[in-house]
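> The listed protein sequences derive, respectively, from chains C and D.
Take any residue in the first sequence, note its place counting from 1, add 120, and you have its number in my numbering.
Take any residue in the second sequence, note its place counting from 1, add 41, and you have its number in my numbering.
In short, the hints are calculated from the structure, not lab data.
A quick note: this is a predicted structure, and the numbers were derived from the prediction, not measured.
The reader is advised that the hints may include incorrect statements.
Stated by the list, open to error - Straight line, CA to CA, 30 Å or less: simulated BS3-like cross-link-like pairs of lysine-lysine:
id, chain 1, residue 1, chain 2, residue 2
1, C, Lys162, C, Lys184
2, C, Lys162, D, Lys154
3, D, Lys154, D, Lys120
4, C, Lys195, C, Lys184
5, C, Lys162, D, Lys120
As the list claims (entries may be wrong) - Some chain D residues judged to face chain C by a derived CB distance under 7 Å, without partners named:
id, residue
6, Leu56
7, Gly87
8, Ser89
9, Pro90
10, Tyr133
11, Pro142
12, Phe145
13, Gln147
14, Gly148
Backbone N, C-alpha and C define an ideal beta-carbon position, used for all residues, glycine too.
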Amino acid sequence: EQLVESGGGLVQPGGSLRLSCAASGFAFSSYDMNWVRQAPGKGLEWLSYISSSGSTIYYADSVKGRFTISRDNAKNSLYLQMNSLRVEDTAIYYCSGPGLPWGQGTLVTVSS
Amino acid sequence: DVVMTQSPLSLPVTLGQPASLSCRSSQSLVHSDGNTYLNWFQQRPGRSPRRLIYQVSNRDSGVPDRFSGSGSGTDFTLKISRVEAEDVGVYYCMQATHWPPITFGQGTRLEIK
């Protein structure tokens with residue numbers, strides 16, 4: 121069982137990024153999935169949830185209207201489209217699922 | 042939103058001694074299905090979080106039996122029977138009973154005295 125996040129990087133305020141999470145070693149299409157982030161030196165913040173089929177989606181208020189979660193079960197992949205990025209979105213972004221080991225995360229830095 | 046409050050924020054412990062970490066929720070975490078969705082995570086320095094305990098008291102696979110979870114309603118505890126050097130890190134509680142949003146506590150930093 122493995123989750124590998126990618127797509128992070130340095131972006132200017134107001135910019136966009138698309139994060140990916142590649143799943144392997146388990147039946148990805150059977151798992152509800154989440155995105156969680158951790159700002160430098162801070163705690164964990166839940167961002168978004170998507171059901172196994174993709175039919176149910178939730179967002180934290182802090183990202184609602186700016187971030188979009190999606191998945192492609194045929195590709196065993198989870199995504200997070202991040203628009204209108206702010207300095208306070210700077211964090212390590214993790215994908216997670218119940219009982220699954222967390223990946224290493226991907227660092228997003230929003231700075232001018 | 043359910044507020045999760047952990048205490049203490051910092052916990053110095055002597056090797057081989059027990060440790061007790063507290064987590065309190067702003068409302069009962071008993072779900073309408075009868076389950077209590079309270080998890081504990083460990084984050085070692087420089088590492089990703091790892092789930093230790095789910096639904097209050099169930100240890101995840103590979104978690105040493107020196108870790109145990111207990112509690113009910115709004116008060117929960119993670120206990121380490123004998124602290125080892127590899128236990129250093131930050132421990133978070135998380136609730137998934139009343140969601141969205143899923144909420145985490147602010148973390149307890151365990152260090153060796």
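> Would you mind marking each hint as holding or not holding in the structure?
The hints, checked one at a time:
{"no.": "1", "hint": "Lys162(C) - Lys184(C)", "verdict": "holds (21 Å)"}
{"no.": "2", "hint": "Lys162(C) - Lys154(D)", "verdict": "holds (23 Å)"}
{"no.": "3", "hint": "Lys154(D) - Lys120(D)", "verdict": "holds (17 Å)"}
{"no.": "4", "hint": "Lys195(C) - Lys184(C)", "verdict": "holds (26 Å)"}
{"no.": "5", "hint": "Lys162(C) - Lys120(D)", "verdict": "holds (23 Å)"}
{"no.": "6", "hint": "Leu56", "verdict": "violated (26 Å)"}
{"no.": "7", "hint": "Gly87", "verdict": "violated (10 Å)"}
{"no.": "8", "hint": "Ser89", "verdict": "holds (4 Å)"}
{"no.": "9", "hint": "Pro90", "verdict": "holds (5 Å)"}
{"no.": "10", "hint": "Tyr133", "verdict": "holds (6 Å)"}
{"no.": "11", "hint": "Pro142", "verdict": "holds (5 Å)"}
{"no.": "12", "hint": "Phe145", "verdict": "holds (4 Å)"}
{"no.": "13", "hint": "Gln147", "verdict": "holds (5 Å)"}
{"no.": "14", "hint": "Gly148", "verdict": "holds (5 Å)"}
In this structure, the earlier hints numbered 6, 7 are contradicted, and the remaining ones agree with it.
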